[in-house]
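One letter stands for each residue in the lines below.
Number of protein chains: 6
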Amino acid sequence: MFFHRKELMVPVDVKKPDPAYAQFLLQQFGGATGELTAGLQYWVQSFHCPKVGIRDLLQDIAVEEFSHLEVVGKLIEEHTREITKGAPEVEQSPLFALRGKGPHLIDDAGVNWTAAYINEGGDVVRDLRADIAAEAGARETYEILLDRATDPGTKKVLHYLLTREIAHTKMFMKALESLGKLTEPAFGNVKPDETVNIYYHFSANGAAQRGPWNQEPEFRYIPDPEKTVMEHGELVGVGGKR
Amino acid sequence: MFFHRKELMVPVDVKKPDPAYAQFLLQQFGGATGELTAGLQYWVQSFHCPKVGIRDLLQDIAVEEFSHLEVVGKLIEEHTREITKGAPEVEQSPLFALRGKGPHLIDDAGVNWTAAYINEGGDVVRDLRADIAAEAGARETYEILLDRATDPGTKKVLHYLLTREIAHTKMFMKALESLGKLTEPAFGNVKPDETVNIYYHFSANGAAQRGPWNQEPEFRYIPDPEKTVMEHGELVGVGGKR
Amino acid sequence: MFFHRKELMVPVDVKKPDPAYAQFLLQQFGGATGELTAGLQYWVQSFHCPKVGIRDLLQDIAVEEFSHLEVVGKLIEEHTREITKGAPEVEQSPLFALRGKGPHLIDDAGVNWTAAYINEGGDVVRDLRADIAAEAGARETYEILLDRATDPGTKKVLHYLLTREIAHTKMFMKALESLGKLTEPAFGNVKPDETVNIYYHFSANGAAQRGPWNQEPEFRYIPDPEKTVMEHGELVGVGGKR
Amino acid sequence: MFFHRKELMVPVDVKKPDPAYAQFLLQQFGGATGELTAGLQYWVQSFHCPKVGIRDLLQDIAVEEFSHLEVVGKLIEEHTREITKGAPEVEQSPLFALRGKGPHLIDDAGVNWTAAYINEGGDVVRDLRADIAAEAGARETYEILLDRATDPGTKKVLHYLLTREIAHTKMFMKALESLGKLTEPAFGNVKPDETVNIYYHFSANGAAQRGPWNQEPEFRYIPDPEKTVMEHGELVGVGGKR
Amino acid sequence: MFFHRKELMVPVDVKKPDPAYAQFLLQQFGGATGELTAGLQYWVQSFHCPKVGIRDLLQDIAVEEFSHLEVVGKLIEEHTREITKGAPEVEQSPLFALRGKGPHLIDDAGVNWTAAYINEGGDVVRDLRADIAAEAGARETYEILLDRATDPGTKKVLHYLLTREIAHTKMFMKALESLGKLTEPAFGNVKPDETVNIYYHFSANGAAQRGPWNQEPEFRYIPDPEKTVMEHGELVGVGGKR
Amino acid sequence: MFFHRKELMVPVDVKKPDPAYAQFLLQQFGGATGELTAGLQYWVQSFHCPKVGIRDLLQDIAVEEFSHLEVVGKLIEEHTREITKGAPEVEQSPLFALRGKGPHLIDDAGVNWTAAYINEGGDVVRDLRADIAAEAGARETYEILLDRATDPGTKKVLHYLLTREIAHTKMFMKALESLGKLTEPAFGNVKPDETVNIYYHFSANGAAQRGPWNQEPEFRYIPDPEKTVMEHGELVGVGGKR
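Chains as they are written, first to last, in our numbering: chain A, 1 to 242; chain B, 243 to 484; chain C, 485 to 726; chain D, 727 to 968; chain E, 969 to 1210; chain F, 1211 to 1452.
Isolated chain A, as found in the complex (with noise of 0.2 Å):
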């Protein structure tokens, strides 16, 4: 069961009213890599998951994310307050002038945020992966719109809500990491097959490069796969041949 104070998890003072730094803002209320996104992804994920202590983990900081989607939301009411008292403001924004000021589940160019923006789903592995996957979304827009704020009230609440997201990726990591699997990459139930350290090199131009992503022994580097094809019909170490 939720419950609501008015005061925001951060306060919010906004010194000069910019619409066209809110419609940036929408990004992270009704976009992609948004805080809307962030907290529905958490909270859905809490139902299916099999360990009490993740579980807890991930409504704890999906009711956060709930949080900071509030102080977003707030930040862009302030930058939009003054939107109708003059045309100059308006232009800044068509966007706010049509649709009204505060905020609206849109991103910055208009598109109705979609749940196809959340990915989630059956394993807890896969989860905490899109979980860190979508805090580094997240704090990559932060560190776009506070490289763009000029109002100081702004920036200073950007600046903690970018620190929350590294906080978070921590807690997932740990998680990971408790489950064993922060830097083994399998998981579930079926072992893969012999081919699983197998680098095919497919997109060429005469100069490979190499490194600790396709480097022996941990891989099987195979320089010119069209080669192999050509030669044995198909790919060394699949099918009859591996």
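A couple of the hints might just be wrong.
What the hints assert, rightly or not - Partial list, derived from the structure: chain A residues whose beta carbon lies under 7 Å from chain D:
hint, residue
1, Phe3
2, His4
3, Lys6
4, Leu98
5, Val111
6, Pro152
7, Lys156
No wet-lab data here; the hints were simulated from the structure. Just so we're clear, the structure is a prediction, and the values are computed from it rather than from any experiment. Don't be surprised by glycine CBs; every beta carbon is placed ideally from N, CA and C.
With chain A's structure known, arrange chains B, C, D, E and F on it following the hints.
Relative to chain A, chains B, C, D, E and F alone:
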């Protein structure tokens, strides 16, 4: 520039066509966790990737995913090859009856593929974390598909595709590790503020669930944030009092 | 700021899990008429609501709807709790088989929730009318779900949720009435022109259906607008001749 | 069966084409609150409406909305008629430059119209409430468009269209009233349970906002539901203790 | 301006209602290949069509398609008219059970109609080619629906609707022919460069498939573009060497 | 199976990066008329194409379109390569500022690519007609982009891409012609009924526009269908009286 050969990356041999099962397979052709999502995500990321080696990695895997998409498409083609021959098979999947045999860019529920499934942009760490999440979703779906498969040829192909998702995960983890970001939460140019270690226990039931994700000394646990707000007017560690 | 307690707003007790029924319930979790639509609509409206009392009303009900969302999610979790135990249950709902147990942010047909379902912006009267419409859609779906339910615990919960939609409707009607807009069509700053009382009978079959919605003296009934156009070159009451 | 005459429902005369303004007008052509939404919503409702008179009402208004759609389309055609003549006009709206002149089925932000905007199904009361909400959204947008219009001919047409939305609202209110449902919250076949009069104050700040929407004797006000839950383990009026 | 008469364009008489079949019919009501797509596409095109005769053609057919939409809607209404009478019929289509009887603006899978289905803009040749494609999709779906129909009245109506799509195709072909563009690939103001006759054989299996679409003298066949790139560093006919 | 080489299909050399122009180019990367739409449409069609030669044609062109997609992506990468260097360039395109440099799978308005853009299924004639329409849309957009381009390198590449769309159109026309369906409206297994030659003049203004698309003896012109209905109760040529 792309080139194509008619040989499949892994041979497909379906003994007993099953249109209802083909409908399931659509999830990996035109669904959220499917090969198109993976291939296009890595491909799009490669354009803005500043590291030559990782850019090459993204392209190698993207091209492989397009070949996986083709394999899944071929599986669907085979499982629907008889749908015009008689009513009983048709009834197993009204979706294919109406849209025709072979793969379509929809998921098992008939929902069109959308680029909203894709997570990318601006930072290679963010992109690689998104890629590990994408692979986790793909692997999860392949395990479910394997679990429901009865045709031996289909199972063999799906096992191979599942294996490759693990292989890709390993590659992405190695790439993240080479950047020092596999186990380090923070990235980018903004340093977190002093609230980065706070854990807010927002979802209560009297029994605190503690684990590595909210324990001292890594984290500062706030057991009852609401009480804190009511007593202090704001949350500890935020604003003037932090 | 949001807080959460593990207790549900209404206890959920499902004796006989039914995945096919759970799929129906998705309509109220991630569907057009569901609790997420209602909760987010009222919440977003509250940011731009200029009336303190109604802003508070919107927030009180929004928070309640989030708790309803949780209850519906719990129902779905319970009805899908056994889907991995055997094929027969699985077959009842391929949707859950593929996406995993528990709720997802999709409707019963597998379509992602979209903010296009939300109706809000700019004026409190417009918002409240949209809210009464949202409640009507939710109530309609709950009646259908109740009609199809067989599990007694499920029925009890749905009856409660349906009841609350009526309670909310009453609250919204009272709020509209306090603004003098429950039975008064016009609102806002623009006065209608002299065509406001015209009823055009555009869809003909020779038998005019008359009722309070097109009767004198409230309305001026134009029985055959096409004839009017052909005789006068334009519609009576519009342009120079109005 | 439909018929069409080239005469517009209201004459359109645009003296000074303004592509940027045309982009705004798209909101009423292919946007959420536009004429297509209204026309299709009423039309689709008419198929399942069991009351002959109201079915006719829905069709009469639906046909009128299609004619409004045509008028808005003509306004857009006129405001974009010169976009190929020179760069400056083009720059005012990249949207039309890329898609060509005249109306398109998108909103001002370029988002495709979707039937997710439509609210209908199953019950005439639900449908009529949705229609009053649709009209409120349309009227709100027309007021904003009027406020920003500078061309006299455009203003005259928009004033007419806004007026007609009020006229339709009045008709829908009369129809609801004829069913006894304009001021009565409940409808359908399910009687609410005993919690129908409870008002939960879920969003707190120490200062209860009271109004006709939460006052005795109509409503039973629960000032602190969280305290109730913590003391009783559940909410008053629900479950065994109701 | 639109007018409507209650008579259908073709009489509908359904002897044996079949909700599952009605669900199929949704594809032509709110689906990609349906009458709404066709009607709106031609209608929107008519606004920017510079040729008076073809503009009239587009409007004549658009209006007919709206009447076809009505006919399909009536078929769906009839096939779902008994869904409240008993469980067995309901079970045939959960979609209608949840959304109510009669047509909805969704396809057979429950996906909302979207204007993304529409192809139009900027040039009459492009528009007419899109229209021939739209008709081909509609005809294809009608053939499938006819093939699955068992009710004689339904079959008769579908045969008529399929016939009309062919009639429209003929009209669009005649219009394209009148512009000299039915068999001439190029249109518009830009002359193609010298690569217009090159055929690249990008998808190889050692057995070149030759036909009128890649034969000399119309086309210059490049049998192995990859080899060309590897030998010359770029493709023949492009860049300095073309 | 796919292979890739780093060489582009056509060299890209952008002298003066222009982020606002890059935003336009997105229409051909992730927009309705773009290369992804074309490539995926032909590719998906190839799976169910029963004619070996045309299947090969579809694959050859599909692979080429993927290489075009890469070229457009490279153009966007080049035009956004300096967006982090300073505010003025950034301001030219907020879209890239927020999402990062390089291409994204959205159109110029920020709308996600959707498979709803794709038209395919069931019949090779339908597919080829859809392909000619897809090429017409792509060509139209390239002409507009060319018209707005100022960078010489960009223009050269766009001219090449436009040329190739015409080349593909010619190939698809040849393929249709080989099936006897380039100028023949009907296809498939159902013979049209006797109404196939009727032209209904549904959109009237007193001045009939006649042309090859509605002239005798090819067509039977019904000048006033409404009058026919009112006199006969149904349309001539339909039902018992046809």
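- Query: Checking against the hints above, which ones are violated?
  - Reply: 6, 7
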